[in-house]
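Engineer: Please model the complete structure; the sequences and the hints are all you need to start from.
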Amino acid sequence: MSLDVLTYLFVGLSFTLYIGIAIWARAGSTKEFYVAGGGVHPAANGMATAADWMSAASFISLAGIVSFSGYDASGYLMGWTGGYVMLALLLAPYLRKFGKFTVPDFIGDRYYSNTARTLAVICVIFISFTYIAGQMRGTGIVFSRFLHVDIDTGVLIGMVIVFFYAVMGGMKGITYTQVAQYCILIFAYTVPAVFLVMQVTGHVLPQTGLGATVLESVNPVWAGKPVLFVLDEVVQDLGFHEYTTGTRTTIDTFFITAALMAGTAGLPHVIVRFFTVPNVRDARSSAGWALMFIAVLYLTVPAVGAIGQLNLINTLNGEQGDGVSYSDMPSWFKNWEQSGLVAWNDRNGDGKVQYAAGDAFMDGKPVLTDKYGEFGQRLTENPLIDTEASPGFDPGIQPYANEVFVDRDIMVLANPEVASLPDWVIALVAAGAVAAALSTAAGLLLVISTAISHDLLKKTLLPEINERQELVAARMASVAAICIAGYFGLNPPGYVAATVALAFGLAAASFFPVIFMGIFFKRMNKEGAIAGMLVGLLSTMAYIVYFKFMGGAKEDLFMGISPEGFGTLGMLMNFTVAFVVSRVTPRPPEEVQAMVDDIRIPRSAGRVHAQEPR
Amino acid sequence: MKEEQAIAYWRENISLIIRYLIIWFVASYGCGILFVDALNKIHFFGFKMGFWFAQQGSIFIFLALLVMYARSMNKLDKKYDVHE
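As given, the protein sequences belong to chains A and B, one line each in that order. Residue numbering for the first sequence follows the UniProt record's numbering, starting at 1 and increasing by one per position. Residue numbering for the second sequence follows the UniProt record's numbering, starting at 1 and increasing by one per position.
What the hints contain is simulated information worked out from the structure, not anything from laboratory work. Hints may contain errors.
A few chain B positions that, by computed beta-carbon distances, are all more than 10 Å from chain A [said to hold, decoys possible]:
#, residue
1, E4
2, S15
3, I42
4, K79
What the simulated footprint calls covered on chain A by chain B, stretch by stretch (three residues with Cβ under 8 Å from a Cβ of chain B suffice, anywhere in the stretch; the number is not a length) [claimed, not checked]:
#, stretch
5, 74–83
6, 214–228
7, 250–257
8, 283–292
9, 591–601
Using N, Cα and C, we set each Cβ at its ideal position, and we do this for glycine too.
Structural biologist: Right under this line is the structure:
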């Protein structure tokens with residue numbers, strides 16, 4: 001069977017599975033639609049949380065980021081896992097005890113204010129839409145790359161599938177589909193990783209293979225030395241920064257990690273997952289399960305990154321490190337040249353591929369033409385590059401100028417071919433990447449539709465609607481949300497990557513502090529919370545917009561903190577302002593203080609299930 | 001549940017949370033960021049220690065923390081008879 005047929009078969013089978021689950025798990029009540037009836041087993045919920053959490057970006061791009069920036073990427077690894085510790089210790093059990101459906105529910109009730117609730121709804125919608133635009137695009141890219149349809153058709157197919165199971169099944173349908181999606185994506189991610197690590201080090205487990213030594217069959221010069229030490233030496237010889245140390249300042253790394261952690265703990269689509277388990281005890285253990293399922297992938301990523309990079313250098317520069325002639329390049333190199341993810345510019349005209357620090361092409365990414373060069377390489381439209389003055393090239397350090405453009409995403413996408421794995425593994429990776437994108441998109445859509453039908457309509461604008469009408473509204477809101485998300489997928493704002501920083505920064509600066517204070521500081525009142533939320537939100541938004549979208553100069557950064565890390569500062573300002581304001585305004589009412597006492601004690605969290613024995 | 005008991009339960013919970021958060025902070029921000037250069041001088045099993053903490057070690061510790069926290073809280077809930 002050809003690769004295309006296999007890919008259609010795998011992706012088609014996985015879609016049939018998702019739709020089958022959606023029909024089986026149709027939601028009949030708002031409670032089933034919003035929180036899957038609150039009866040999901042903690043391990044299943046943990047798996048669903050993991051699939052919800054790991055997006056197309058985690059699946060496709062994270063290993064590439066680690067691979068090309070080494071230690072500097074550590075903030076993503078620690079931030080996106082450490083956030084679950086904050087979530088499990090500080091938020092999840094108490095929010096479960098609170099026992100309603102959404103984050104704005106909690107903020108509105110705890111701060112006895114519809115202003116706070118509406119502010120929270122706006123944040124939820126804003127954060128979720130920034131996040132989902134990238135997912136829809138990711139789905140489209142995966143489809144176009146593996147199924148050879150154009151990106152727009154890919155986005156449309158993704159919309160139809162998500163529409164089907166998110167609108168019909170609500171949280172119940174999504175949760176059980178995500179369990180299936182997790183299994184597919186983790187299998188698709190780890191199988192090629194195992195083979196890659198085994199070929200380079202002879203070690204079986206990628207999670208521990210990062211410390212292993214390089215095999216003689218790979219490169220006799222490196223044989224017997226640990227991967228990371230070889231890598232450090234080799235990348236420095238080529239003019240890059242040492243792999244295992246960073247280029248950012250300590251304070252910048254610190255702030256970025258903290259913003260990603262608090263942002264993870266404050267993202268509404270993650271928090272809402274802990275409303276779906278039966279009780280407080282299960283909320284705690286579910287966070288552990290979620291982190292375990294996430295860690296399977298996140299502990300594999302550093303190995304794929306480092307070993308993939310070493311393998312790449314070895315393939316491109318050869319045993320002696322002086323380049324390999326183009327005619328000897330493996331077939332994956334030539335395959336990915338056709339899609340522009342790899343490109344070669346023979347700057348010194350020796351017919352050999354050489355990879356080192358610096359740009360190989362002028363004006364960023366290569367733009368393909370239909371022409372081929374004298375060695376059969378795909379030519380580009382980019383203007384010729386001046387070897388002496390090319391950006392990032394330092395003739396004093398490196399032996400030759402860089403001739404190769406390598407897209408970071410190739411680390412995962414090309415892995416099965418680099419490791420010469422059979423076609424079915426490549427088809428599996430396609431199904432896995434689609435699963436990662438769809439599961440995250442569905443989780444986000446649900447949060448948006450719930451925010452509209454429950455928090456905005458039922459709780460604020462039209463409190464008299466009955467449950468059936470609310471369910472209809474929730475489904476209609478999902479349809480609208482899918483259409484808007486699809487629009488962003490088809491017409492992506494040019495700054496999708498930058499908006500992710502915004503989503504995390506805003507979650508860290510707005511939700512995390514107000515929820516935390518709502519649980520741990522009984523004295524916190526609505527004035528303090530609203531003031532804190534506004535300050536955190538506006539300062540973070542202003543900083544990120546100024547430096548990411550309006551071209552603020554790097555020298556003007558406050559204490560050298562990147563926009564990605566500003567959420568931490570926004571969070572600290574939120575705390576400070578909230579404290580000061582709450583001291584000079586009245587205490588919260590008695591019944592709110594009693595509610596805080598109540599959420600601190602686990603027992604009777606199951607009261608919403610009183611009628612449904614477990 | 002009496003009020004003094006509720007207060008005692010909450011105090012014990014807070015002290016547990018603080019203890020676990022200290023470990024969480026030391027493993028990630030401490031070993032992975034603040035003291036990474038010093039720890040990188042120590043080599044073990046083919047790793048520089050600081051780099052290992054930043055990319056893998058902290059994640060292992062986070063996992064262990066969550067398992068232990070869930071266990072200690074279950075014990076605490078039983079002690080104060082607030083379990084479900």
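Engineer: All hints are to be evaluated individually against the structure, with a verdict given for each.
Structural biologist: For each hint, the structure was consulted:
At roughly 13 Å from the closest C-beta of chain A, the C-beta of E4/B stays outside 10 Å, upholding its exclusion from the interface. Residue-level check passed: S15/B sits 12 Å from the nearest beta carbon of chain A, beyond 10 Å. The non-interface label for I42/B is consistent with chain A: the shortest C-beta to C-beta separation is roughly 13 Å, beyond 10 Å. For K79/B, the requirement that its beta carbon stay farther than 10 Å from each beta carbon of chain A is met, with the minimum near 12 Å.
Three residues within the 8 Å Cβ limit are the bar, and the stretch 74–83 of chain A against chain B gives 5, so the coverage statement holds. Using a Cβ-Cβ cut-off of 8 Å, 3 residues of the stretch 214–228 of chain A lie near chain B, which meets the minimum of three, so the contact claim holds. With 4 residues carrying a beta carbon less than 8 Å from a beta carbon of chain B, the stretch 250–257 of chain A meets the three-residue requirement, and the given coverage holds. With a cut-off of 8 Å between beta carbons, the stretch 283–292 of chain A has 6 residues touching chain B; three or more are needed, and the interface restraint holds.
Counting residues of the stretch 591–601 of chain A whose CB lies closer than 8 Å to any CB of chain B gives 3, which reaches the minimum of 3, so the coverage claim holds.
The earlier numbered hints are all upheld by this structure, with none contradicted.
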